[in-house]
Every structure is written in structure tokens, then in C-alpha cells.
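Here is how the chains run, residue by residue.
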Amino acid sequence: MTDWMTEPANWAFLVVAIPIVISAFRVVTTRNIVHAVLFLVLALAGSAALFILLSAEFVAWVLVLVYIGAVVVLFLFGIMITRAPIGYETSLDHANRLPAVLAAAATFLLTSWLSIEAFGDREISNVGSPTPTEIIGVGIIERFVIPFEAVGFILLAALIGGVTLARKDLTPAEEDEASSV
Amino acid sequence: MVNLLALVPTILATAEGEEGHAVELVSGGVFADWAGIMLVLPFLAFAGIIFYGTRMKHLGAELAIGAMAVNLAWASVLFVSNMVEGIFHEFSVEIADIGVVGDHNLVFELGFIVDGLSIMMYWLVAFVSLLVFIYAVGYMHGDVRVTWFFASLSLFAGSMLVLVGAPNMVQLIIGWEGVGLASYLLIGHYWEEKENSAAAIKAFLTNKVADVGLVIGVIVLGITLGGFRFSTLNQAAADHAEGLAGVAVAAGFLLFIGAMGKSAQFPFHIWLPDAMAGPTPVSALMHAATMVTAGIYLMARTFPLYQNLAMDARDWMIPIGVITLFAMGLLALVADDIKKVLAYSTVSQLGYMMTAVAAGGYTAGLFHLFTHAFFKALLFLAAGSVIHAVHSNNMSDMGGLKKDMPYTYWTFVIGSLSLAGVIPLAGFWSKDEILATLNHEGYVAFMWVAVLGAFVTAFYMTRAVGLTFHGSYKGDGRPHESPKIMYVPLVALAVPSVVAGVFNIPGVSLGPIGNFTDWVGARVVAMGDHHPEAIEWNLAAYGLIAAIAGIALGWLLYGRDAETQQARDSFELPGLYPLLRHKYYIDDLVLAGLVNPIKGPIARATDWINTYVIDTIVNAVGFLTAAVGRLVYGGLDQRGIDAGFNALAGSAGEAGRALRLLQTGKVQQYAGAFVIGAVLLVAGFVIFT
Amino acid sequence: MILNQFLVLASLLFALGVYGLLARRNAVAVLLSVELMLAAVNINLVAFEATLRSTFATGQIFSIFVITVAAAEVGIGLGIVLMIFRNRTSGNVDELDLMKW
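Sequence lines, in order, name chains A, B and C. Numbering-wise (our numbering), the first sequence opens with residue 1 and increments by one. Numbering-wise (our numbering), the second sequence opens with residue 1001 and increments by one. Numbering-wise (our numbering), the third sequence opens with residue 2001 and increments by one.
If you're looking for bench data, these hints aren't it; they were derived computationally from the structure. One thing to keep in mind: the hints can contain errors.
FRET-style restraints, in silico, Cβ to Cβ [what the hints assert, rightly or not]:
id, chain 1, residue 1, chain 2, residue 2, range
1, A, Ala-70, C, Asn-2087, 18 to 28 Å
2, A, Ile-116, C, Arg-2053, 40 to 50 Å
3, B, Ala-1652, A, Leu-76, 14 to 24 Å
4, B, Ala-1649, A, Trp-113, 44 to 54 Å
Note that CB positions come from ideal geometry on N, CA and C, so glycine has one too.
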């Protein structure tokens, strides 16, 4: 324990991890949904910091860009359009939360116990310099080109799906008109 | 047919007053071999009448008369053949095994016998039946049940023939019961009136009580002899067989009890007067000429038993016969119903016959049976003719019918004179033979009683004639003579009533064999009775004087006219006549002592047992069965098996109903299930591997 | 740095995400929780990558993929929520129980 405390990396870890936990906790318990989104931002940011700690800079910045930059904004738009109760209102939660607590607790206990059992005190040795982006690029194209293409398809599907979902329902007359044009 | 000349010497010997021995017998050729047809024809007629009678012109009478005519022709041939030479033919077919007794195997046989006695009876039954049937066509005209009447008559005739043609005792009982049944059916012909069906039941039950004796006697004899055939019995009796000798008196008396019932001997006579409730042809045929003679016939058929072994039984039989003869005759003095007069007369004459046979007078009894059949049937039919004209049975409603009904009158007179025993009519000869027998066998006192009985007979018959036909008719209108179909049989019966005496004049032979004595004596075993060689005129004189005295007294008292019939019938013997009117209180005794106890307490007790014991048991069994059924159905089937299946099906439904609640439609709950499931799975993997 | 500290952190985040997934009533909030869970997964991937130091930085690449898919999924998810909102003017998931028995 004291050994662990001496390393500065660990201090940094703690400084980042505790806010992450707190904000994650607030995400799921706050009654204001906009606050929830903002706390998510904090959690995500914290996790980006963790990535940097683990010398995965590219991933960290991708996370900030995509997640915080796009996804969260998307969330905010969604909140606005669905007129989710902005401000404190009737609860965002179910009345009966016990099963969820139990499920969550079970999950946590299981996974943590498993990981502790499996890895014990294994150390991340020699974190070293940040991973060059080139390696990631080469890896994607050389090794994981097929998953890459698949993800591309997913994005395409998402795009088309989003457009379809979002458009107005046309009446048959308008539909004919639109198709003839 | 056998050479007659060869037989002459033997035959003449027989005709000479020896103690009779067996006549040489031949088998009688075709008519004897097939004589069983006579027994069957009336039953065929019965069946025919039952099925087709109502569609026939005379409602079935044609079949009855036809059957009887054939029988008469056949029996006449046999009778004449028997006159020429004694016929014997016996035929039996085994029907079933009864059982093994000792070292004998008892079998049930049916068949017929043709010998002198049975030939005489066949002919008599056929002759009288035919005339009565013809008469009945006229008498029963317009009756509501003519077809059934003739069917019952045919049934009776057939049963009577079965009885007299029986080669064994069991068949005799069959015929016995058959005639009893027919008697019941016919007495109760007018059953709409309660008294008539009561009379029929009385006849049947009285006979039934007596039949107990008959049946037990037959059983005893059958077991002793190892068989039921009469030939066996008579041969054993003639041979003085030891086994038979032991039971002879008892068996003989038991058979006699049976005969008492059928032949209305005191005290079983009570049914005969009441049997007059039946139509007159029935009374004429059954209760005068044929059925009631069955007892006498039985005594005659088993005569060797009484003659050789059961002499002690006669000590009872003769007094009973004499009492019947005399006491019953007295009852005819006070009867107002003309049929009752004749009924009591019949009982009295049956007493004569029974006394004769019991005293050893085989021929005497049978000859009186023979002649009595003619004139008694005649008297009944004539009475029927009167009743038909006057529409009343009572002599107090009659009178002065002599002018209007000449045929009826003269035939009735002929019958009465014959009955009284006036020479040269048939009754004289037969009654004289009885007196001779009684005298010969040493029963002199009884002979004088019989003579006195003859006086009484003549007296009451003259009374009947006087009240019915003389004086003047006190009723409305003028009665008319009966139609030809009714008075022709009367004439036909009057003839033998007059001439039949010729058949048995002692010492006078009528053919190769002899006379009536020898004809009926033509049996396998000799009867051993006394055959008088000539008529004993002193005894005959007693009888004749008694008869004439009776007629004279009767004419004196009842021949005159008077203001009313009651006035004419006003002769009274104090003390005796009231007793007679109550029929010696016998009927009251039977009613109080026998009938009422059975009807009352015993019947009620039986009914109580039936209702509360037997019915309870039966109901309980039924109830129990039903309860068990309900239990099995309800408990076992419904609740057990069905419940099992229902539960099985129900559980599937319940499971479904329970499980569908899982489908809440809420995705988060599904997700929660996923998570929990995944956790459990992983944990399971980790723990167990 | 001990590997497990990252793993436990990630599992904690995941558990919190599960809680939010099951307990939240608003559809958008549920999606937020899903994002949390995905973030936890990312942390795991990167931590393992740091431990194993594979040739092509496989963990990081997959992490990128996860981020991408998450983005796509959020887009579609919100689109669906919008559609539901149009029909029912309510964003509560516990009212979406048409598949109820």
C-alpha cells in the first residue's frame, strides 16, 4: 500500500478517479437530466485523463472529440426536443429501485472479484511513452481493416436510419409528389 | 286281428262268474299303436283356437268339436276292438332323468296306455265332451268370451285324456293338474262377479290341498318301486312284493287323499257346489261326468294295490265314501238353485262310486261312473236349458215348464229316473251292482245306508222335477224351448241313460269277451274283484223299493201346485233342514279355522316380513350398490382420476398464467433480467470450473 | 500502477451504469447510463492494452471502435426516442409496455 502511494502516477490516478466516480454516481442519481448530461461530460473527461495516464493519447482525444463533442450535444438536443423535464420535477427514477441496486451491486461484486482473483497485484509495468498514432493507424488498416469497414457500415446505417427516423411522415399525396420529383 | 274262434273257449270261461283273471290281451293294431294322437289332438285344437279362434265363424268351437269328433271315432274303434278282444298297448318315451334312488334310476316318461280301463275312459270323455261342446255352441252364444271358453274346454279335454291315458304316475299328476287348471279357468269364466272367481279359487285350493297327499304318495311309491309306471306298481302289488307291502297302506291312503280332492269326497267336497258358478256346460262336463271321476279312475287304476296290499287303507276309505254318499245327498233336499241340487247329487254319487271301489267293487264303481256320466251330464244340460229359458238358476223362479219345454222336460225326467235307479234304466243296474258288491264284501250296514241314500236321491230329484216343471210358471212371459243345437245333445244323452245298463247285466255276455266287467277288466294284471254271475233280485228290490218310495214322497210333497213356489217348497224337517241349509257349518268352519287365520294374521305377518325384512334387504342392497356407485363415481372418478387430469391441465394453465406475468412489456425489467442472469451464469462458471 | 485499480474502477462505472439503466425512467437518462457503461468498457480496454503492450495497440483500436459504435447507437437511440415522443408526448420508458401480457 505504501509503495503504491509513493508513485506519483497513482496519486494522479486517484485525483482523476474520484471525480469520475462521483460524477458517474451523479449521472444516475440526479433528478435534473441536464445535470446528468453534464456530469456525464465530467465522467468522460475524467476517463480521457485516465487514458492519457495510460499513454493512450489518441484514444483520449478521440473520446473527447466524439463523445463529449458530438454525443453529449446530441443528448442535449434530444432532451430539448423531447421536452424532458428541465429542472427538478417528478422523479426520473422508478419508484422501485431496489432490484436495480441489487443488480448493480451484483454486477460490481462479480466483476471486481473476478478481476482481483485473476490479476491480483499485477502491475502495469513500463507505461512508457505515449503510443504513436501511427501504430494505431497501421493497426487499423493492416490488422483490423474488416472491423474498420464494418464500423463504417454501422455509421452508414446509423446515418440513413437517423434520417429516416427523423423525417416527417408524408401523406400519400405528398409521397407521390416527392417521388415524382 | 286274432282268430276269434280260437278265443271262444277262454272267453266263455271268463264270463262265468269266477274271480276274474286276466283276459288274453293282444296289441290292438294301428289304432292302439297310434292312440297317443287322441291325447294330442285337443291340445292342437287349443293352440288353433287361441291363434285363430276369433276369426272363425263359430269362434273356435269348430276346432274343439272337430278334435273331439275325431277322438270319439278313434275311441269307438278302440272300444269295439276291445269288445272283440282285449287290447293292451303301452307306449312310453323317456324325457329326462329324475335321479338315482338306491339302485334304481328314476326317469320321467311320457306316453299313453291302451287297455280296457283307459279305452272305456277315452270313449266316455270323448262322447260326453263332444255332446257338451255341441250344446255349448248354443248355450254360450253371444257370450263375451266364447273363444277362450272353447280353448279352455279343449285344454280340459286334452288334460283329461292325458290323465286317463297315463302309463305312469307322474304323467297322471300332469293330467291331474291340467284338469285342475282348466277347472279353475272355466269355473271362473264369469269372473266379473267376485263370487265366481272366489269359487274358482276355492276349487283350485281345495284340490291343491288334497294333491299334497297325491304327490307324496306318488313319491313314496316311486322310490319304493324304483319307477313310476302303473304296470310296475300293479305287478308288484299282484306279486305281493315285500318292499311295496311295507309302504302300501300309507301310500294307498295318500293316493286316496288325492282322489278325495278331485272326486269331492267328504271333507274335500266343499268346492263342488260352489263350482256351479261356472257355465252349465262346464258343470255338465267336468263336475259331473269327467273331471270329478278322475279320483275314482285313480283308485281303479291302482286297484291291485288296494286289493292285495293296502286293505287296511280301506277301513278309512269306505266310511268316508259312505258319509259322502249319505250326508251330501241330504244337502240336496234344501237347495233352491237347481244346479246345486245336481251338484250335491254328484257328490253323493261320487260317494257311491268311491265306496264301491274301496270295498273291492272294481267293476261296480266303474260301471256306476260310466252310467252316471250319461244321466248326470244329461241332467245338467237340461238344467242349463231351463236356466237359459228362465234366466235364473233358482227353482223358486221356475215352475210349470212342462208344457213349454217338452224336450227338456222329458229328458230331465229320464235322467232323474235313471239317477234314482228305476228299472230298466241304466242307473238301476249300476246302483244295484254297488249294493251287491257291498253285500258280498260284507259291508252290510253300509249297504243299508246306500239303500237309504237311494231313497233320498229319488226324493230330492222328484222335488227338483216338481218344482221346476210342474205347477205353474210364476214369472213373466212364457219361456220357450231351447234351440235344436241344445236339445239334440239332451236326446243323445238320454239314449245311453236308458240303455247303457245293458252293457253290464251280470251273466249276460255281449261279445267274445263278455260284458262291461270284462272290458274294463282287460288289463295286464288281474283285478281280482268279484264278478257276480247273476243279478241278485233281493238286493235289487231294496234299491228299487227305496227309489219308488222316494219318488212317491217327492211327488206327494212337490207335485202339487200352490200360490207361490215358496209355498210348494215348504216341507220342513225341524232341526235337520236348518243344519242342511248351513251345509253342516262345514264351510263356516273352514272359513274361520283355515281361511281367516291365513288371510289375517298369517298373511299380515308374511307381508310384514316381506316389506320390512326382505324388501329392506333388497332395498339395502340396491341402496348400497347405488352408494358404491356414487362413491366410485364421485370420489374415485371425479375427485380422484378426473381431478388428477384436471389438475394436470390446470397446472399447465396456472403455469402459463403465472409465467406470462413475466411479460411486463417493460424493457428495463427485461434488461434487469439479463444482467442478473449474466451475473449468475458467470458466477456459476467461475465457481464450478 | 496496479492493473486492478483500473479494472475495479471500470467495474464500478459499469455497475453504476447498470443501475442507471434499470432505475431511470426517462428514455434519455437510460441512454446516458448506457454511455456510462460503454465508457467503463473503454477504460478496461485501454488498461489491458497498457498491460499487454501488443504490437498493434489492439486495445486502443478497439476502444476507438467502441466509441464509434457508441456514437452511432446514441444517434439512432435518440431518433427512436424522438419518434416515441412524437406519438406519446412522453419520454418515460415505463409507459412503453405494449408487449405486456
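Consistency of the hints with the structure:
Between Ala-70/A and Asn-2087/C the beta carbon distance is about 27 Å. The supplied range of 18 to 28 Å therefore holds. At roughly 22 Å, the beta-carbon separation of Ile-116/A and Arg-2053/C lies outside the given 40 to 50 Å, and the hint is violated. For Ala-1652/B paired with Leu-76/A, a C-beta distance near 52 Å fails the hint of 14 to 24 Å. Judged by the Cβ atoms, the range 44 to 54 Å given for Ala-1649/B and Trp-113/A holds: they are separated by roughly 46 Å.
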